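Engineer: Take a look at the letters that make up each chain.
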Amino acid sequence: MAEHPSIVFAGTTDGSSVLDIGEYEKAGGFTALRKARALSPDEVIAELDASGLRGRGGAFFPTGRKWSFVPKPDQLPKPHYLVVNADESEPGTFKDREIMLRVPFRFLEGCLIAAHGIESQHVFIYIRGEYEREFEVLRDSLEAMQKADLLGGVTVVLHRGAGAYICGEETALLESLEGKRGQPRTKPPFPAIAGLYAAPTAVNNVESITTVTPVLELGGAEYAKLGVENSSGTRVFSLSGDVVSPGNYELPHGISMRELIYDIGGGVPNGRELKAVIPGGSSTSVLTDADIDTKMDFTSLVEAGSSIGSAGVIVIDDRCCMVQLGIRVSQFYEHESCGKCTPCRVGTRWVTQILQKIEDGRAAQADLDLLLSVCDRIMGKCLCPLGDSDAIAVLSYVDKFRDEYQAHIDLGRCPFDGESSLEGILAPSDLHAHHGHEPAHV
Amino acid sequence: MSLATEVQKLKKRYPDSLSAVMPALRLAQEENDGWLSPDAIREVADALELTPAYCLSIASFYDQYYLEPVGRTRVEVCTNVSCGLAGAQQVVEAFERELGISAGSTSEDGAYTLGTIECLGGCGWATVVAVNNRHRLRVQAEDVPGIVQELRG
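Same order as they appear, the protein sequences are chains A and B. Last residue of the first sequence: 441 (numbering that gives the first Met the number 0), numbering continuous. Last residue of the second sequence: 152 (numbering that gives the first Met the number 0), numbering continuous.
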């Protein structure tokens, strides 16, 4: 295996963590922050522009450009906010968590650089409620930075979520942070103009912010030499599913899916065959073994008909029934729909029901057409992409594995005969509010 | 320190005190055996000068606020795709056998609540099981009897 540059996880390639502020500083920590503070905010943004860094949360929006949309304080004299999205919860994605656990100072250093870039004195880190240990590590690291007088007058508040995938959507996150139900807002106005408390706000993902630190260390132009055109730099790929060595791997953009799954991940275990790959979290279109030489960068994945998304790569071998996969993915979006837009609230539930009918062998030919029609009626008709995610995923399963869906209808049963790797897969049991029904499987 | 006093401290973190509703609910839940009773909701409402109905509308939106009593130990198994591929169904069944309760319910003595839960962000270390929000990684069905024995102390 070739050596790959370690940018995000610098200094911890052996899998270790840097949790001691002295150790971090001795290894060159906070030099990027000092460098940034010696620059004007515009110069910091220029470095980001030169780096080509694009958002690592899923939307891949250029980070420098996002910051440049935030008005200058004299143009809009309100407090400016930096909000960091640490609400990682896209199925297949577990990179931000490892970043916060292993290189918390690198992440927090990036927060302060970003705050300087948008001329903000207030940082809010919205961390998902399920991340207990990660919260503790950030809290302790922040305390150490405060003692070391590194915050430079910037307040950093850790705000804990409470279990809602939708709060990963930036406007829902802002609503939640304001003390409301996490439901997306209409855009415009965009957060850059009217975000948190209706004030100028930049919202960035944990990995994006952590990457800001090496961009300043190396200089934007130098960072841009890593990776490929349109997708500069490294990416933390979360590899999971039917693969020998799952885990997070920081690799340059443009590495092939084959290299990631076989050379680095050790391939599919137990001599099984590769059937499908979800390349960027569960909301991205599925690819098949035929796409194995696709390069893992923005443009290549779009050309392959999918998306790099959150770079959460789920490997699926030939034991998996693709209708069951559809059910489980759709159950997730159904459960996480905030209920605000009807096509999503009703549509995700309907999609699950039709898929269940197909799996149970109760579906007629018309049900498959209905499934596609319902997906079509969700797509692009809501305030946020949650419902679209369900539709995109399910449509791609039907498109790539049409014969398998058809076989369920023709045979009147699941062709896997109870042997699928997702057989009996369970929906969330909704402990927080009982609705008076028992889970179906008991 | 009373909840009201602690909530006053929470309010200071935010430009608008409404933002303190989530941490206040978390705190009230921790101090009320892990769930938000109508009284606990009312206490939060009083401390933040909000209506109980508003606080309930927040609590009912987020999965981690429990509106009914839960066991002293909450066992939540991730059953999303990556954990499912690793055998989360068998892990759930093993917990059901060992704890003698079905997923989505609490044991009669109030000791355990067993649940299935959405992606916990540990897909590469499947199956992930959260025990009172502390994650155990790479759990397999055969590990479950040992885990339950450990929990029973």
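Everything labelled a hint here was simulated from the structure, so no lab data went into it. Source: prediction; values computed, not measured. Keep in mind that a hint or two might mislead.
Stretches of chain B that chain A covers, calculated by requiring three or more beta carbons in the stretch to come under 8 angstroms of a beta carbon on chain A [unchecked claim]:
#1 21 to 34
#2 115 to 128
Which chain B residues stay away from chain A? Per the calculated CB distances, all over 12 angstroms, these [to be verified]:
#3 3
#4 89
#5 142
For every residue, glycine included, the Cβ atom is placed at its ideal position computed from N, Cα and C.
Engineer: Indicate, hint by hint, whether the structure satisfies it.
Structural biologist: Cross-check of the supplied hints:
no.: 1; hint: 21 to 34; result: holds (count 4)
no.: 2; hint: 115 to 128; result: holds (count 11)
no.: 3; hint: 3; result: 17 angstroms, holds
no.: 4; hint: 89; result: 9 angstroms, violated
no.: 5; hint: 142; result: 17 angstroms, holds
Going through the hint list in order, the structure does not satisfy hint 4, though it satisfies all others.
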